[in-house]
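Make a model of the complete structure from these sequences and hints.
Chains A and B, in that order, give the protein sequences.
Its first residue numbered 1, the first sequence is counted upward by one per residue in full-length UniProt numbering.
Its first residue numbered 1, the second sequence is counted upward by one per residue in full-length UniProt numbering.
No wet-lab data here; the hints were simulated from the structure.
Note that beta-carbon positions come from the ideal geometry of N, C-alpha and C, so glycine has one too.
Wrong hints could be hidden among the right ones.
What the hints assert, rightly or not - Examples of chain A residues lying across from chain B (beta carbon under 10 Å, computed):
#1 His20
#2 Phe130
#3 Leu133
#4 Leu164
#5 Pro180
As the list claims (entries may be wrong) - For the chain B half of the interface with chain A, some residues (derived, Cβ under 10 Å), not all of them:
#6 Val89
#7 Pro93
#8 Gly106
#9 Glu110
#10 Tyr117
#11 Gly136
#12 Leu228
#13 Arg232
#14 Lys237
#15 Leu243
#16 Ala248
Stated by the list, open to error - In silico negatives: residues of chain B with every beta carbon more than 12 Å from chain A:
#17 Val150
#18 Tyr180
#19 Gln189
#20 Thr247
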Amino acid sequence: MSKRKKTLVKRYDLPDMIMHWTVAVGFVLALLTGYAVFFEGTSALLVNEIGVFIRLLHRIGGVLFVVAPVLYFIFSKKRFGFLRAFKWSKSDLGWLLAAPKHYFVGGDSMPPQEKYNTGQKMFYLFAVVFGFLLAISGFILWFNWFSATAQLIFLFIHDVSAVLLTLFFFVHVYLVIFHPADRMSFNAMATGYMDREYAKNSHELWYNEVKAQEVKKMEKNA
Amino acid sequence: MAKKRDKVILVDTTLCTGCKACQIACKEWHNLPATEFEHVPGTYQNPADRNANTLMLMKFIEQYDKSTDTMDWIFWKDQCMHCTDAPCVEVCPSEALFTHEDGFVGFNQESCIGCTYCSKVCPFDIPRFETDTLTGSKYMNKCDFCQDRVTNGEVPACVRTCPTNCLEFDTWQNAVDKAYKRVEEIKDQYPNANVYGDTEMGGLHYIYVLTDKPETYGLPVEPKTDDLVSFRRDVVKPATKLLMGATAAGLLTNFIVASANYGKEEQETNDDTANGDDKNE
Numbered sequence: 001m002s003k004r005k006k007t008l009v010k011r012y013d014l015p016d017m018i019m020h021w022t023v024a025v026g027f028v029l030a031l032l033t034g035y036a037v038f039f040e041g042t043s044a045l046l047v048n049e050i051g052v053f054i055r056l057l058h059r060i061g062g063v064l065f066v067v068a069p070v071l072y073f074i075f076s077k078k079r080f081g082f083l084r085a086f087k088w089s090k091s092d093l094g095w096l097l098a099a100p101k102h103y104f105v106g107g108d109s110m111p112p113q114e115k116y117n118t119g120q121k122m123f124y125l126f127a128v129v130f131g132f133l134l135a136i137s138g139f140i141l142w143f144n145w146f147s148a149t150a151q152l153i154f155l156f157i158h159d160v161s162a163v164l165l166t167l168f169f170f171v172h173v174y175l176v177i178f179h180p181a182d183r184m185s186f187n188a189m190a191t192g193y194m195d196r197e198y199a200k201n202s203h204e205l206w207y208n209e210v211k212a213q214e215v216k217k218m219e220k221n222a
Numbered sequence: 001m002a003k004k005r006d007k008v009i010l011v012d013t014t015l016c017t018g019c020k021a022c023q024i025a026c027k028e029w030h031n032l033p034a035t036e037f038e039h040v041p042g043t044y045q046n047p048a049d050r051n052a053n054t055l056m057l058m059k060f061i062e063q064y065d066k067s068t069d070t071m072d073w074i075f076w077k078d079q080c081m082h083c084t085d086a087p088c089v090e091v092c093p094s095e096a097l098f099t100h101e102d103g104f105v106g107f108n109q110e111s112c113i114g115c116t117y118c119s120k121v122c123p124f125d126i127p128r129f130e131t132d133t134l135t136g137s138k139y140m141n142k143c144d145f146c147q148d149r150v151t152n153g154e155v156p157a158c159v160r161t162c163p164t165n166c167l168e169f170d171t172w173q174n175a176v177d178k179a180y181k182r183v184e185e186i187k188d189q190y191p192n193a194n195v196y197g198d199t200e201m202g203g204l205h206y207i208y209v210l211t212d213k214p215e216t217y218g219l220p221v222e223p224k225t226d227d228l229v230s231f232r233r234d235v236v237k238p239a240t241k242l243l244m245g246a247t248a249a250g251l252l253t254n255f256i257v258a259s260a261n262y263g264k265e266e267q268e269t270n271d272d273t274a275n276g277d278d279k280n281e
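Here it is in structure tokens:
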């Protein structure tokens with residue numbers, strides 16, 4: 001444990017991870033089945049028992065996508081953590097300007113970041129805003145509320161929210177799985193622990209906070 | 001526009017006696033179960049509305065005119081109008097709805113996935129659904145113009161059974177001509193008489209001789225396709241493909257460029273041996 005502590009720093013608790021992965025599974029299920037309908041699939045993919053199964057999967061995905069954050073909001077102490085996504089400052093602009101260089105070439109021109117960097121905050125913001133629209137419009141379509149014309153508008157909202165989320169989702173997945181410098185951050189959400197060196201470089205402000213707390217704890221113990 | 005040779009059903013409402021034989025024939029031919037009797041006060045209409053098992057419904061409207069102290073009793077046959085420019089065909093993702101070569105809107109229920117898009121765009125509020133507890137709408141059902149009969153040279157079941165020749169099966173142009181001629185004949189008795197279906201939605205494949213204005217029947221005066229249908233087809237879908245392609249291309253470029261650059265950096269500074277496996281990608 002002590003060795004682990006030396007190279008790793010705790011970033012997520014178990015409830016955080018369960019919430020994240022439930023939403024992820026729900027979103028991917030709904031995404032795959034949703035685009036089958038949106039792009040009109042092949043008839044073979046949509047009809048008969050397979051089609052019924054796809055419809056069911058889409059709804060299961062939607063329910064997971066909604067239930068996980070709701071339970072998290074009710075039970076987790078970090079329920080208002082999502083508000084971070086709405087806090088923006090000047091350094092975010094600096095991050096955006098420096099981002100292309102960082103992600104393509106590398107180098108340390110990025111302003112020091114908090115627990116979530118500007119890009120992560122943007123994705124979080126998208127997930128909260130468009131995820132909310134996606135879920136609301138989805139349930140309206142599912143249960144056939146309101147008039148036919150209103151339904152068509154909600155279908156439009158459902159489509160556009162889904163597309164915007166999907167695009168950002170691609171970027172998110174790419175960065176944590178494929179990007180040569182940032183793919184190691186995948187471990188944080190998979191295990192709850194982040195590489196100390198990576199945390200220092202990528203989330204300096206947050207890392208300093210965590211370190212200060214660690215020092216405090218150690219002093220207390222000693 | 002509808003083609004002149006398209007097949008069409010001409011409904012001359014002045015000849016209708018409200019016998020409902022067409023409603024029964026429709027059920028019989030499509031092998032659909034009876035629906036629970038629904039008492040609709042003050043009318044012979046039953047059930048109150050069409051449903052997944054009642055594809056067509058005789059509608060009864062009583063109109064009392066105080067000034068002349070007369071009663072007008074209107075009957076009309078309500079079912080899919082079979083538009084030429086059918087928005088339901090446009091939005092159907094599984095090709096369950098299609099424009100038949102004879103012009104009407106055919107329906108293949110085995111292909112229906114119950115997405116309900118058709119019911120959101122239909123200007124006549126036609127689609128009705130068999131529901132399912134888990135997924136809401138299981139499948140849609142609507143008048144299919146007796147496509148199995150028509151493609152085999154038979155007339156639709158409702159036309160076959162009509163005892164008063166109120167329903168006639170004809171080609172599109174013939175039916176429209178007949179309808180206008182009929183309207184001229186009945187103008188004295190019904191000053192508001194008009195033809196419905198020749199211009200609506202690019203030409204319907206049901207042509208009506210109505211004795212009163214369409215509004216009286218609850219029919220839309222100017223039915224049209226919602227603009228969101230074409231917007232979804234022409235903007236949202238192509239834009240989605242474009243943006244997805246652009247994102248994929250951007251990420252792939254990033255992967256190639258970043259892999260090369262980060263590899264170089266690592267070789268130069270040699271600071272992180274943990275990631276050494278990825279250097280030569």
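Quiz item: Far enough from chain A: is every CB of that chain over 12 Å from the CB of B:Val150?
Solution: 23 Å, holds
Quiz item: Taking 10 Å as the limit, does the beta-carbon of B:Val89 come near enough to a beta-carbon in chain A?
Solution: Violated. Min distance 12 Å.
Quiz item: Does the interface hint hold: is A:Leu133 within less than 10 Å of chain B, judged Cβ to Cβ?
Solution: Violated, about 15 Å.
Quiz item: Would the hint on B:Gly106 stand, with a C-beta cut-off of 10 Å toward chain A?
Solution: Status violated, d = 14 Å.
Exercise. Identify whether the interface hint at B:Tyr117 stands, where standing means a beta carbon of chain A within less than 10 Å of its own.
Key: 7 Å, holds
Self-check item: When the least beta-carbon distance from B:Arg232 to chain A is tested against 10 Å, hint result
Solution: 7 Å, holds
Self-check item: Minimum beta-carbon distance criterion (10 Å), B:Leu243 to chain A
Solution: 6 Å, holds
Quiz prompt | chain A contact restraint for B:Pro93 - C-beta distance below 10 Å | solution = 4 Å, holds
Quiz item: Is it correct that the beta-carbon of B:Thr247 has no partner in chain A closer than or equal to 12 Å?
Solution: 5 Å, violated
Quiz prompt | Restraint check, 10 Å cut-off on beta carbons, for B:Ala248 near chain A | solution = Holds, about 7 Å.
Self-check item: A:Phe130 as chain B interface residue, shortest Cβ-Cβ below 10 Å
Solution: 14 Å, violated
Quiz item: Can B:Glu110 be said to touch chain A, with a Cβ gap under 10 Å?
Solution: 6 Å, holds
Comparing the model with each numbered hint stated earlier shows that hints 1, 2, 3, 6, 8 and 20 do not hold.
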